[in-house]
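Engineer: Since the structure of chain U is already known, use the hints to place chains R and G on it.
Chains as they are written, first to last, in this note's numbering: chain U, 1 to 309; chain R, 1 to 655; chain G, 1 to 425.
Simulated from the structure, these hints should not be mistaken for laboratory data.
Some hints here could point you the wrong way.
[To be verified] Only pairs whose alpha carbons sit at most 25 Å apart, straight line, appear in this in silico DSS-like list of lysine-lysine:
1) G:LYS271 - R:LYS545
2) U:LYS31 - G:LYS271
3) R:LYS402 - R:LYS451
4) R:LYS630 - R:LYS352
5) R:LYS545 - G:LYS273
6) R:LYS498 - R:LYS482
7) R:LYS630 - R:LYS402
8) R:LYS201 - R:LYS222
9) R:LYS402 - R:LYS44
10) R:LYS498 - R:LYS545
11) G:LYS271 - R:LYS498
12) U:LYS31 - R:LYS402
13) R:LYS44 - R:LYS352
14) G:LYS147 - R:LYS482
15) R:LYS222 - R:LYS197
16) G:LYS113 - U:LYS31
17) R:LYS498 - G:LYS147
18) R:LYS482 - G:LYS113
19) R:LYS498 - G:LYS273
20) R:LYS451 - R:LYS630
21) R:LYS197 - R:LYS235
22) U:LYS31 - R:LYS44
23) U:LYS31 - R:LYS545
24) R:LYS498 - R:LYS294
[Said to hold, decoys possible] The calculated label-pair distances, taken between Cβ atoms and stated as ranges, are:
25) R:VAL10 - G:LEU306: 41 to 49 Å
26) U:ASN91 - R:PRO99: 41 to 49 Å
27) G:GLU311 - U:ARG219: 36 to 44 Å
28) U:PRO233 - R:ARG6: 17 to 25 Å
29) R:ARG6 - U:GLY215: 35 to 43 Å
30) U:GLY13 - G:PHE329: 28 to 36 Å
31) G:MET57 - U:TRP20: 48 to 56 Å
The beta-carbon is built from N, C-alpha and C at its ideal position, and this holds for glycine as well.
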Amino acid sequence: MKRLVGFLMRRFGWMVLTVWAVYTVSFILIKLAPGSPFSAERAVTPAIEQQLRARYNLDASPLRQYWDYLFGIVTRGDLGWSLKLEDYSVNQVIAEGFPVSASLAVFALVFAIVLGVTAGVISAVYRGTVADVSMMATAVLGIAVPNFVLASLAILLFVFLIPIFPAAGWGTLRQVILPALCLGAPVAAYVARLTRAGMLESLMREHVRTAFAKGLSKRTVILRHVLPGAMLPVVSYLGPATAGVLTGSLVLEKIFALPGMGSHFIYAATQRDTFLATGMVLVYTVLLFTMNTLVDIAYAVIDPRVRLE
Amino acid sequence: MPLELRRALVAVTLVIVVVAVLWASRFDAMPPADFSFQNGTDPKTLDPHRATGQPEGHILFNIFSGLLEALPEGPPDPETGVQALTPQPSVAAGYEVSPDNMTYTFTLRRDATWSDGVPITSDDFVWSWTRMLHPETACEYNFQLFSLPYAEAYATGVVDVGDRVEVELWDRPGETTTSEANPQNFPRGTIVYGILKEIAKPPEPSLPENASKELISSTTAKWQSSWVYTIDVAKRDADDILWDDVESVETFASDLDSTLVQPDTRRAHGVLVAFDQLGAMETPDPYTFIVHLKDPLPYFPFLATYYPLFPVPRHCIELHGKPMWTRPENIVTNGPYRVGLRMLRDRVRLVKDPNWFNADSVEVETIDAMSIESANTALNMYTTGELDWVYDQPITLIEELKGRDDFHVAPQLAAYYYELNTLRPPLDDVRVRRALALAINREQIVQEVTKAGQAPAYFLVPPGIAGYQSPPGIDGTLDEAKALLAEAGYPGGRGIPKFTILYNTNEAHRAVAEVIQQQWQNNLNIQVGLQNMEWGSFLDKRQQKRFDISRAAWIGDYPDPNTFLDLWLSESIQNNGSWVNEDYDRLLAEAASESDTTKRMSLLSQAEAIWVDEVPAIPIYHYVSKHLVKPYVNGFFLSPQDQHPLRLLRLENSR
Amino acid sequence: MSVPDGPPSSAPTATDAVVGGRNAAVLQQMLVEARDVRGVSLWQDAWRRLRRNRPAMWSLWFLVLLGAVAFAVPLLPLQSPLDKDLDNRRFLAPTFGVVTMGSRPGLQFVDGKLTAQLASFEGEIRDAESEVASISDDSERQQALAKINDRINVEHPFNQLWNQLGPISFAMCRVRVAIFGDYAIPSIFGTDQLGRDLLSRVFWGARVSLIVGIVATLVSLVIGVTYGAIAGYCGGFIDAAMMRIVDLLYSIPFIFVVIYLVTFLGEEKVKAKLESVGIDQITIFYIIIGAIYWLTMSRVVRGQVLSLRQEQFVEAARTIGASPMRIVFRHLVPNVLGIVIVYLTLTIPAVMLFEAFLSFLGLGVAPPDVSWGLLLNDGVEALSSIRLFWWVVIFPGAALAVTLFALNFLGDGLRDALDPKMKNR
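Excised from the complex, chain U in its bound form (with noise of 0.2 Å):
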């Protein structure tokens, strides 16, 4: 107990060390990159665009900008206004949008693990028969296609020839399984695929040649000794998953008009709106930080062997 409270404590503070450098790269790249948040179809005189400088207060010289704004992070978890949203707080745009992403990863990835480790165990318990070979080429396919692509053929199949699910949009839990199925599908392949492996592998192992022999069934062995030991690479891929989940929304969040984060944070990024870019990448940050951090605590209670430090 003792051990994993060191290691989260010791974790937080290379959470804290990586979102100051996270923050302090961002700051930068924001500041090099050329061009004005407050460019308008309408051009701004430079008196009323000063104006808008100075209420978000990046009339002041960058250092100055670099310690307020960081300030207010620390003491407030204030990540400033939006300058592009105007009727709204960085702060605001994340609690509305956090829910909705965060919903979509979850049935992602609760699905992508569950498909994708019966998928893998199947097949590598029925090692070279068709449900095999058939399971893992769709894997592959899976992996093989972008999920632009797969959402778009998805919602043609399941919304016009099958039509058993909305177009589009966000509020029911039918409009959610679609585009949690298109995320999680690639995750799902690749988890079938390491699965698959880890179970052929451990399936090699003494320990479970013992349990075999002493006459387990094939049903326990497999979900006690053998399963366990094939996880770890899936435990492992989880870290990746989980950015991948969050790189994929973007995508989705696009093709199926959700309200999430992913959207904003193109946004922000490709229209300077310098404070929700510098809160998004803080918050994703922080996500896949923890995210990496569950994922070695994971291994550790998976294989007793691997101690955390």
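Structural biologist: Relative to chain U, chains R and G alone:
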């Protein structure tokens, strides 16, 4: 790790997963609105003084009412089905114009109230227009009131010695003389009126030649804040300012650390022309609102139908401040609908306001303005019945849609053109510009690329403005184009410097650019590059004049040629191509002060002839608006301004 | 279980040893035998195993073929990838209708044929050249020749059909015209929204997509292997610090950095500066992508190096005084190549998908260049319930999917072949 802890962690993980899934599948299902439409990008703001785009317009026109409202008048055009919109009474029950077209007297309805029941009076308009023009509001559309005397000086913060000015002291709520500025410009600090006697300025800081725009504007602003103003403060009686009675002579500055500050100098936000005290607007009684113009603008009533001139709720803004007052729980409106709900990047739900003065005529109870950007997604939702009106369809499908009964096309007051940077070679040569313009096959572009019935454009101003006749457009053969190019020193396209077409990321713009690229290659042997950028960066690049050729489009702000032609005034900030022509400027200035409509239009037409001759931009086509509207929707009018008052909609029950 | 195929056994057996008197002779024979036996290196071993893996071999041949075809695209009798026949050929479904190069009226080619136009153009150039030859003054002649060169650069008919051909591609195009004349493969993949032939676009797109995939992966390889090997070899504090940095970078949402860099590099000034040193935007694009994908590579390499550095051959190298750099790059890196190659075949697909993703966001290559990502993005635009232009998405999609399929199978095969643990399975 001990076994028990591992077991516990496994259990905890499982619980977390289950809780997460349960949490994720918990939705508050919302009942669908009676009518839903595609509203493009998420609206930037619901503040009429800060909004600019079409998505904001679709909402603002329905939650606020102005003095006048643009409504369809007369029978639809038999060919196109288009009905012209004209200014008709709204909050103003009627108005009178003086014979010289310089004074408008609006009589307000007595039953017009804000959605919280507070009555709307003429003072609301004075306050709203002052806020709209106030420099700190930074309203992009503030030029729409520049026809009022002193409005432009007020909005741009220009003051001269001898002006009647207002000084806003440094005592806005929460401010002390040493504190930072409160960014809320309303409610305002104490206002002192007087006549500006002197401005003492420290020496102007010198800047390196290559200083960035940002540095220049911040240095200038800092310098200006150290100016010290000397003012003859005027006496006031009950409701008048006695400009000629000097009460005291005082000095004001916004930066008290300035070297020129005297011991009794008071801190102030700035010195502006006393716009609202100089007779531009009069309120003889709460229900009479008189506006004096400095130019006889024939289109002023149209401006009054546009949202920047709408009244905004003073009591609400002063209570909540910006931007909080536009939050759905705070906002007070005065239109047929109020804001029921706003979900970022999802929808704005409009709910019928029973307090609106003409509420009985409004039929549709709830309307969803859905923030959907992808044309394909919108079309899918329309097909499955989740949307009732879609105004942006994928261009690949226009041909398929054109045959359908629910697809409506109407000419729009908008032009699509390629702006040329006339400072950069080879585009600084008018012969090259004309050759490029001649070598574009516009018929092919409108028929095979845009396909919805856009009109090929050979001049700037879209047809359909009453009383205006555009000059003959750009005309010539390919051989003439080649000859012009040779004359300019590039025979057969040889030796021409490479240039690039800049466009904002969009399938349709890309297609047009690619076709023009091919046409120039085929016809003139000129190879051009293409570059796409996101909207924000694209605008920025144009405004900093760092482009060769840029895709551009302009939607008329009001039905008058001036809205297009004034973009190329040499002093216009919209003139990104840096084209300067004195005759052009002079003709537009003459037209502005001309009260005879026919003469005015002919002056504008002459100006456009110069434009066509000099080709500061290559016109490509004039827009059409394209609407997919479900057949059970009645009361959807097509208009050149492309405005669609939602309160006129009627839904058939048979949906 | 398959038969182990290590080197043939030639070890002396116990019975040999018992027979004492014939020791010398036996030893002699053993030496002879040992000389005859040729050691089988890891690579030969792996290659043999790989050859028995059917899908992997098919994939390998497919990829080799694809690479060759992509290189030779200008030689193939394809239509122009960018000539847009708006008037007659928009959204043509796959067809076998015969096409003549240069027949579109808008091109204004002589006789509506590329060959005829080329002949007439070359005739004109020849005339001009003979005229120039008669000029006596040397500098004047040089000037006139430069003018003709200029004219070839601007007015050559190839410019109308292909975009900025490099010298090699230009020569290949000439060969193509010499061999195939005006013949071009019909639009068997159909045409797109602007009337361009999809077959040739898929082929020309293969060039860009493959180059992006390979170059970016190589960049990631160089960074990742160097970083990982150094961290692994140094160990201790340096290793810990370097790996912490990798962890830190793992937590950065890189897509954001990419979007920023792509917009930043698209800036006119930056672009001009880069072009002056001979780097075009697309090169930067590869480098950016490569610079992102090195993280996992460095982790993998570091793990391998960490276990290898205790081995005796490293000790041996150290004892004879090899410098650390030499040990890392001469002794350790070659030993981790196996896993690196496996990982490469997995990175290329990821990079190609990433390119498609950027195209979807409008940040990919700029037209008239074409890549599979761009084609797919166009294809998805044309996919709707109202009318299905299936060919604009199916063919580029299939091209991408088959390539990624092949890379995946090859990667699996290589892993099986190279991984010692999987040996004998």
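Engineer: Now, for every hint given, state plainly whether the structure supports it.
Structural biologist: Hints and how they fare:
1. G:LYS271 - R:LYS545: Cα-Cα ~16 Å, so holds.
2. U:LYS31 - G:LYS271: Cα-Cα ~18 Å, so holds.
3. R:LYS402 - R:LYS451: Answer holds: LYS402 of chain R to LYS451 of chain R is near 9 Å, not above 25 Å.
4. R:LYS630 - R:LYS352: holds, 21 Å
5. R:LYS545 - G:LYS273: Since the Cα atoms of LYS545 of chain R and LYS273 of chain G sit roughly 18 Å apart, the hinted pair holds (cutoff 25 Å).
6. R:LYS498 - R:LYS482: Within the cut-off at roughly 17 Å; holds.
7. R:LYS630 - R:LYS402: Holds: LYS630 of chain R and LYS402 of chain R sit about 14 Å apart, inside 25 Å.
8. R:LYS201 - R:LYS222: holds, 12 Å
9. R:LYS402 - R:LYS44: Roughly 32 Å separates the two Cα atoms, so the pair is violated.
10. R:LYS498 - R:LYS545: Holds - the C-alpha atoms of LYS545 of chain R and LYS498 of chain R are around 17 Å apart, at most 25 Å.
11. G:LYS271 - R:LYS498: holds, 14 Å
12. U:LYS31 - R:LYS402: violated, 47 Å
13. R:LYS44 - R:LYS352: Roughly 22 Å between the alpha carbons, so the hint for LYS44 of chain R and LYS352 of chain R holds.
14. G:LYS147 - R:LYS482: With Cα atoms ~18 Å apart, LYS147 of chain G and LYS482 of chain R stay inside 25 Å; holds.
15. R:LYS222 - R:LYS197: holds, 22 Å
16. G:LYS113 - U:LYS31: violated, 54 Å
17. R:LYS498 - G:LYS147: This hinted pair holds, its Cα atoms lying about 17 Å apart.
18. R:LYS482 - G:LYS113: holds, 23 Å
19. R:LYS498 - G:LYS273: holds, 16 Å
20. R:LYS451 - R:LYS630: holds, 22 Å
21. R:LYS197 - R:LYS235: Holds: LYS197 of chain R and LYS235 of chain R sit about 16 Å apart, inside 25 Å.
22. U:LYS31 - R:LYS44: Within the cut-off at roughly 23 Å; holds.
23. U:LYS31 - R:LYS545: Distance ~21 Å between LYS31 of chain U and LYS545 of chain R Cα, so the pair holds.
24. R:LYS498 - R:LYS294: Distance of about 47 Å is beyond 25 Å: violated.
25. R:VAL10 - G:LEU306: 41 to 49 Å: violated, 30 Å
26. U:ASN91 - R:PRO99: 41 to 49 Å: Given range 41 to 49 Å: violated, Cβ gap about 57 Å.
27. G:GLU311 - U:ARG219: 36 to 44 Å: Given range 36 to 44 Å: holds, Cβ gap about 42 Å.
28. U:PRO233 - R:ARG6: 17 to 25 Å: At roughly 19 Å between Cβ atoms, ARG6 of chain R and PRO233 of chain U fall inside 17 to 25 Å, so the hint holds.
29. R:ARG6 - U:GLY215: 35 to 43 Å: Distance hint for ARG6 of chain R, GLY215 of chain U is violated at roughly 27 Å.
30. U:GLY13 - G:PHE329: 28 to 36 Å: holds, 35 Å
31. G:MET57 - U:TRP20: 48 to 56 Å: holds, 51 Å
In this structure, the earlier hints numbered 9, 12, 16, 24, 25, 26, 29 are contradicted, and the remaining ones agree with it.
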